[in-house]
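As given, the protein sequences belong to chains V and G, one line each in that order.
Our numbering puts the first residue of the first sequence at 341, with every later residue one more than the last.
Our numbering puts the first residue of the second sequence at 341, with every later residue one more than the last.
For the record, the hints were derived by calculation from the structure and aren't laboratory data.
A virtual CB, placed ideally from N, CA and C, is assigned to each residue, including glycine.
Honestly, I wouldn't trust all of these hints.
No more than 25 angstroms apart at the CA atoms, straight line, and that leaves these computed lysine-lysine pairs for DSS-like [as the list claims (entries may be wrong)]: (1) V:Lys-612 / G:Lys-612; (2) G:Lys-612 / G:Lys-624; (3) G:Lys-602 / G:Lys-612; (4) G:Lys-612 / V:Lys-602; (5) V:Lys-602 / V:Lys-624; (6) V:Lys-612 / V:Lys-624; (7) V:Lys-612 / G:Lys-602; (8) G:Lys-602 / V:Lys-624; (9) G:Lys-624 / V:Lys-602; (10) V:Lys-612 / V:Lys-602; (11) G:Lys-624 / G:Lys-602.
Here are a few chain V residues that sit away from chain G, every Cβ distance over 10 angstroms (derived from the structure) [as the list claims (entries may be wrong)]: (12) Pro-370; (13) Glu-423; (14) Arg-471; (15) Gly-480; (16) Val-509; (17) Gly-510; (18) Arg-566; (19) Val-629.
2 protein chains.
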Amino acid sequence: MLVADIETPALLVDADALDRNIGTMAEALPGARLRPHVKAHKCTSLARRQAAAGHLQFTCATIRECEGMAAAGLGADLLLANEVLDARRLGNLAAAGARITVAVDSTETIEAAAAGGVSEVLIDVNVGLPRCGCAPQLAGRLADLARQRGLVVRGVMGYEGHVVGIEEVGERAARCRDSMELLMAAHADVGGELVSAGGTGTYALNTWANEIQAGSYALMDTAYGRLGLPFEQAAFVLATVISDSDGWAVANAGLKAFAMDKGNPELTGGGKVMFCSDEHVTFKPARMVGERAWLIPAHIDPTMACHECLYLFSGDRVVDVWPIDLRGW
Amino acid sequence: MLVADIETPALLVDADALDRNIGTMAEALPGARLRPHVKAHKCTSLARRQAAAGHLQFTCATIRECEGMAAAGLGADLLLANEVLDARRLGNLAAAGARITVAVDSTETIEAAAAGGVSEVLIDVNVGLPRCGCAPQLAGRLADLARQRGLVVRGVMGYEGHVVGIEEVGERAARCRDSMELLMAAHADVGGELVSAGGTGTYALNTWANEIQAGSYALMDTAYGRLGLPFEQAAFVLATVISDSDGWAVANAGLKAFAMDKGNPELTGGGKVMFCSDEHVTFKPARMVGERAWLIPAHIDPTMACHECLYLFSGDRVVDVWPIDLRGW
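I would like the entire structure built from these sequences, with the hints used as guidance.
Shown next, in the form of structure tokens:
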């Protein structure tokens, strides 16, 4: 099948760029130094490529992601880097042989892990992002409680999500250090072998964590594209111009094909997106009806969740079709 | 099953509010005066409720929506209110007994309809929204071309999408009139029995079109909720507080459960959403871990496309689970 034959709208991934991105990261953070986050692609076929590059530990954001990864034979060491109040589905995975570790940041989440049959946890520490994670000074006490409940505390995690997107690298590095100092202090109280943190924006700056939870590096987006990282844009939404006028062109991919939380997608090869509607993107300058438009998502993670499958291509040929099989909850 | 037992995140629809919304609209625009747009819910079970209220004609935005509606036995009169350059899948539906009409706005889309085996078209006219639709003065010429190609021209459509969301009703009415004057002029050149236009924001103001393509009225969202329309909020994303702190709460629904093109979701019962992440919403004030949060999407159409199913509830009971079966393309 040729790229030219793909029915649009469609999600496309450049196989060669993907391989280079995975290779670049595996060289920087080999093996267990990287725990790839599958929330950024939601695709077990892609995770298999990351495993082939030496990363056998994975990070997940949902129970469904853990279930899908285990079913795909990639359950050797899955971290659910998120809090859950009902861990029974995770317990079932552990009982079936997957290694499951879940983040906890409260009495309730510790009790849920124990009740659900998950035996390993990380203490999730708030390092500055107003989201999950306990206050750093409470981490030791939660670890004690978890151990009292019979859980193995593997260490700490703390995601510097408020830092990973800072464009100026000096500030990004400085604020990453601030966050990791909080995490290391918590780790001193908690113990355990893992200090899990980081993302694509800090993978090279975060020298405190001993595993980095980056995910977006494999496919990239316009937001991370502004940071000067050594990763190429590998994911695109392919659309077809279905209507034109003197002033603009309209292609057949819209709000149901792109996540919009970080703004409009961008066109490859120039041009300016005016706005997106449910099934349309309107952009300038005008193009001929039937021409293809290649669009780069502003935020890769939720864009992946919009699509049932991706077309893996090399040059002008489709080399595989991968289901986005970790969607939903 | 009780609402309290639903695993979160989940999409919930209030069955009673839905029924009232459908009833209110069916009273205002009975039978063929409304051609409900299925892009707003992507759910054939919900469309069946609209059919039961007397609307046997439907509007679709994608070929997949047409296929799903026909497969569900709702293919008596389907308008694809969108341009396509390959109409063969639509032609297959027509050959199998569905009535399919497709929008055309160019030589290319007319040729595609004819080549694909679709025999009925509407001339899509640009009435002010910079998207699809021919210039009004070209509509008659396109109708002539379509008839030369053996197509039946059922009339015109022209979506005043730049008008439907205007909050001040006087301005909304005035600009609706401006748009519809363009459409009626085009209709005078085109002929045919249908003048198809409108949306939830103009359903009561657009007295020119003889069928209105409203869809959002059934479920509503915060954007349409600001317009003072007689429709209730019927769709919610249910989430669970999984982490709290002194200053905020975090619930387990995020960018993969909400479309964000019109901004953050809103909390029922007060509180302020601070931001959404892939699988989280952070909001104030803090709430206890385990509490449920009910969130109203800012834009219903692409939010529906984020979910595999919806839970239809009445009071505290789940009365049905409907697949969102028209997703994808």
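Hints violated by the structure (listed by number, smallest first)
1, 13, 14, 19
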